[in-house]
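Listed below, chain by chain, are the residues.
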Amino acid sequence: MLEIMEGSHAVAEIVKRCRPQVIAAYPITPQTHIVEALAQMVADCELDADYITVESEFSALSACLGASAAGSRVYSATTSQGLALMFEVCFNVAGLRQPVVMTIANRSLGAPLSIWNDQQDSISLRDSGWLQLYAEDNQEAVDLHMIAYRVCEDHDVLLPAFVCFDGYVLTHTYEPVSIPTQEEVDAYLPAFNPYQRLDANNPLSFGMYATPDYYMEFRYEIDQAQHRAKEVFAKAGREFAEQFERDYSAPVEGYRLEDADTAILAMGSICGTVKDAIDEMRDAGKKVGLLKIRMFRPFPADEIADALKGVSTVAVLDRNISLGSGGAVGTEVKAALSGSGTAVYDYIVALGGRDIRKKDIAGIVDLAEEGRGDMFYGLRTEVL
Amino acid sequence: MTGLPEGCDLFTPGHRACGGCGPALAARLLLKATGENVIVVNSTGCMEVFSTPYPETAWGVPWIHSLFENAAAVASGIEAALKKQGRSEKVVCICGDGATFDIGMLCISGAFERGHDITYICYDNEAYMNTGIQRSGATPYAASTTTSPAGACSPGNVRQKKDMPGILAAHGAPYVATASIAYPADFEKKVRRAINTPGPCYIQVHTPCCTGWGFESGETINMAKLAIETGLWVNYEMVNGVVEKAKKVKRKPVEEYLSRQKRFQHLFKPSHRDDLIAEIQKIADANAERFGIDIRSKEPIE
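Protein chains in written order, with the numbering used here: chain A, 9 to 392; chain B, 37 to 338.
Next comes chain A alone, as it looks inside the complex (with noise of 0.2 Å):
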């Protein structure tokens, strides 16, 4: 059943019939609708788990990564600044393998300061060992933090999940989706399984240092651990369209671009505005279509390539800017697509939730068949 409702409160329903144990958070806009909404479902006993109303951003993730050793199944929420906070602590809640999901409602960084949408802040943090996932609408959020328990709690998987949705365009709008009742998600998600957890009737030590002797491997380990999550999301997709009639099982979807001889490439919300700049613009004759990205981590170089054979000409969007370089998401779409005849052109778009729309896209496509690129596009160039 369809019911009209904002994202994050959305989300907050499905965090619950998620079953966490254990739930740590701080607020930071625009997340706080989501853990707003948790602590109300803790209140009122709906939703039986012990809430942890921390006192930063980094003690959340702390104290999520002790409850999940302890063996809970855990559940937070950030965006940009708090990530920023919790960097030190995402690379050892990935290397010490615990499979935290948190949800990141994707916004800026600062300086300068903006509460506004892109997804500089989980992209990021990419070198981290956390699984990437990004919802183009609340109903893919709602869901695929479903799938994402499921797979990082897989035993031949044990990393964890940011599951991003885009800072106020899908966190604070409201749109029909459907929630999963709690039996429909205890059908799809069992009951957390810990590989090993902190208990007295069997002492282990977690978290040792390791000399030069040791530590390559264990990186070597989370790498081919990321590696086999594409296979383990692919499974738990399928299985999650069988049941729900969705279908998330591919971690990029193509639209209209069978027979394109462009194509643009996006994650997130924008996709949708891309969409309707697409339909647009074959309206007018012109052999565009999408390649959006659900899954950045890992990355998935090997579909990509696979999905634009046969497109001349790719234009990425990035809502990210790896300063000195340039957007994180062209720069690995062009190392997946070297030598295979394609121009693949970054520009960097909406940053700090700069408005994006149907002609800039149009505009984009036809900058990159005129073969102009790796530009930032719609800067006000008035105020520089």
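Treat the hints with care, as some may be off.
[Stated by the list, open to error] Think about it this way: if two alpha-carbon atoms lie no more than 25 Å apart in a straight line, the pair counts; the simulated SDA-like pairs of lysine to any residue are:
id: 1; chain 1: B; residue 1: 119; chain 2: A; residue 2: 202
id: 2; chain 1: B; residue 1: 68; chain 2: A; residue 2: 216
id: 3; chain 1: A; residue 1: 317; chain 2: A; residue 2: 340
id: 4; chain 1: B; residue 1: 120; chain 2: A; residue 2: 48
id: 5; chain 1: B; residue 1: 119; chain 2: A; residue 2: 201
id: 6; chain 1: B; residue 1: 120; chain 2: A; residue 2: 226
id: 7; chain 1: B; residue 1: 198; chain 2: A; residue 2: 63
id: 8; chain 1: B; residue 1: 120; chain 2: A; residue 2: 194
id: 9; chain 1: B; residue 1: 119; chain 2: A; residue 2: 340
id: 10; chain 1: B; residue 1: 120; chain 2: A; residue 2: 44
id: 11; chain 1: B; residue 1: 119; chain 2: A; residue 2: 52
id: 12; chain 1: B; residue 1: 119; chain 2: A; residue 2: 199
id: 13; chain 1: B; residue 1: 120; chain 2: A; residue 2: 198
id: 14; chain 1: B; residue 1: 298; chain 2: A; residue 2: 52
id: 15; chain 1: B; residue 1: 120; chain 2: A; residue 2: 64
id: 16; chain 1: B; residue 1: 120; chain 2: A; residue 2: 210
id: 17; chain 1: B; residue 1: 120; chain 2: A; residue 2: 21
id: 18; chain 1: B; residue 1: 68; chain 2: A; residue 2: 205
id: 19; chain 1: B; residue 1: 120; chain 2: A; residue 2: 45
id: 20; chain 1: B; residue 1: 298; chain 2: B; residue 2: 194
id: 21; chain 1: B; residue 1: 120; chain 2: A; residue 2: 59
id: 22; chain 1: B; residue 1: 120; chain 2: A; residue 2: 163
id: 23; chain 1: B; residue 1: 120; chain 2: A; residue 2: 340
id: 24; chain 1: B; residue 1: 120; chain 2: A; residue 2: 317
id: 25; chain 1: B; residue 1: 120; chain 2: A; residue 2: 207
id: 26; chain 1: B; residue 1: 119; chain 2: A; residue 2: 317
id: 27; chain 1: B; residue 1: 120; chain 2: A; residue 2: 203
id: 28; chain 1: B; residue 1: 119; chain 2: A; residue 2: 205
id: 29; chain 1: B; residue 1: 283; chain 2: B; residue 2: 326
Hints are computed from structural coordinates only; laboratory data are not their basis.
For this one, chain A is given, so just place chain B on it according to the hints.
Same frame as chain A, but now just chain B:
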């Protein structure tokens, strides 16, 4: 790691601590006091490094190390999880003075304010020893460290120790205590009291470091004793913010403690710095006054 040999301590020998290491003794006494039904959270530092070089561990109880500054937050999560699972293990942090007084202050303050049922033990060796003897907020006045070196225009560390027990008592901690490895039975008794007191409890145990302070490795216990006997360290308990039971002593002059450690050698050579020694004596006198530790004639001990 299950089924330890009969009579073997839960903190097992064969670790990599220096001979005469005060913190290693504190770890052993801690587990003797807690027994097996405990989960230990250890911050980054000497103890973590010397006790767990992968794939070896000295810990016969469940143990976790995450980061330098987050032990109290990790412990908060563990405690919450155990509560939801209906489990009975006690949660104990053991962290150095740098991890406690300085970098971990935020997490500790949060955990104590929230009232988690955890025991936080600071093994206080009065500087960052693992990184090479740099000053911390626990370094005493006039101690020479690698970042507070004594010099022509410096007495060494220019500040007194931060009053961490007082700060945590002010958070409403039901039980706060100081202890010393020179008095092992007292330390164990305090650990047992802390883990059996609901809510966040704090114990700061004095653990002299022969490498960092500069004394012979066979002198560790003597050094811990002298700290107490001079009044520069006071063993006391605070229950709901009120000091109870401070250990009384017949005080010796501070010189007897200072003159035996390299970190205070600049007070004696090349010239005898009576001015600085007098400053340190004042600190001991103030401790004696605050805690009422002086044994006067015919007064019973404790």
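Results of checking the hints against the structure:
For the given pair, residue 119 of chain B sits about 17 Å from residue 202 of chain A by alpha-carbon distance, which is consistent with the 25 Å threshold. Distance hint between residue 68 of chain B and residue 216 of chain A is fulfilled; the C-alpha atoms sit about 22 Å from each other, no more than 25 Å. A threshold of 25 Å between alpha carbons decides the hint, and for residue 317 of chain A with residue 340 of chain A the separation of about 17 Å falls inside it, so the pair holds. A threshold of 25 Å between alpha carbons decides the hint, and for residue 120 of chain B with residue 48 of chain A the separation of about 18 Å falls inside it, so the pair holds.
As the CA atoms of residue 119 of chain B and residue 201 of chain A are separated by approximately 18 Å, the hinted pair is consistent with the 25 Å bound. The straight-line distance between the Cα atoms of residue 120 of chain B and residue 226 of chain A is roughly 31 Å, outside the 25 Å bound, and the hint therefore fails. Of the supplied pair hints, the one linking residue 198 of chain B and residue 63 of chain A holds, its CA atoms being roughly 22 Å apart against a limit of 25 Å. Only pairs whose Cα atoms come within 25 Å are accepted, and residue 120 of chain B paired with residue 194 of chain A is accepted, the gap being roughly 19 Å.
Note on residue 119 of chain B and residue 340 of chain A: the hinted pairing is violated, with a Cα-Cα distance of about 44 Å set against a maximum of 25 Å. The straight-line distance between the Cα atoms of residue 120 of chain B and residue 44 of chain A is roughly 21 Å, inside the 25 Å bound, and the hint therefore holds. Distance hint between residue 119 of chain B and residue 52 of chain A is fulfilled; the C-alpha atoms sit about 19 Å from each other, no more than 25 Å. As the CA atoms of residue 119 of chain B and residue 199 of chain A are separated by approximately 17 Å, the hinted pair is consistent with the 25 Å bound.
At most 25 Å may separate the alpha-carbon atoms for a hinted pair to count; residue 120 of chain B and residue 198 of chain A meet this at roughly 18 Å. At roughly 61 Å between alpha-carbon atoms, residue 298 of chain B and residue 52 of chain A are farther apart than 25 Å, so this suggested pair is violated. As the CA atoms of residue 120 of chain B and residue 64 of chain A are separated by approximately 22 Å, the hinted pair is consistent with the 25 Å bound. The straight-line distance between the Cα atoms of residue 120 of chain B and residue 210 of chain A is roughly 19 Å, inside the 25 Å bound, and the hint therefore holds.
Only pairs whose Cα atoms come within 25 Å are accepted, and residue 120 of chain B paired with residue 21 of chain A is accepted, the gap being roughly 21 Å. About 23 Å separates the Cα atoms of residue 68 of chain B and residue 205 of chain A, which keeps this hinted pair within 25 Å; it holds. Our distance criterion of 25 Å between C-alpha atoms is met by residue 120 of chain B and residue 45 of chain A, whose separation comes to about 20 Å. Distance check on the hinted pair: residue 298 of chain B and residue 194 of chain B sit about 17 Å apart at the alpha-carbon level, within 25 Å; holds.
Proximity of residue 120 of chain B to residue 59 of chain A is assessed by CA-CA distance (about 11 Å); at most 25 Å being required, the pair is judged to hold. Under the criterion of a C-alpha separation no larger than 25 Å, the hint pairing residue 120 of chain B with residue 163 of chain A is consistent with the structure, at around 23 Å. Between the alpha carbons of residue 120 of chain B and residue 340 of chain A the distance comes to roughly 43 Å, so the proposed pair goes past 25 Å and is violated. Between residue 120 of chain B and residue 317 of chain A, the direct Cα distance comes to roughly 52 Å. Violation of the 25 Å bound is thereby established for this hinted pair.
Our distance criterion of 25 Å between C-alpha atoms is met by residue 120 of chain B and residue 207 of chain A, whose separation comes to about 14 Å. A C-alpha spacing of about 54 Å is found between residue 119 of chain B and residue 317 of chain A, which places the hinted pair above 25 Å, so the restraint is violated. A C-alpha spacing of about 19 Å is found between residue 120 of chain B and residue 203 of chain A, which places the hinted pair at or below 25 Å, so the restraint holds. A threshold of 25 Å between alpha carbons decides the hint, and for residue 119 of chain B with residue 205 of chain A the separation of about 15 Å falls inside it, so the pair holds.
Pair hint residue 283 of chain B plus residue 326 of chain B holds up; C-alpha atoms about 12 Å apart against a cutoff of 25 Å.
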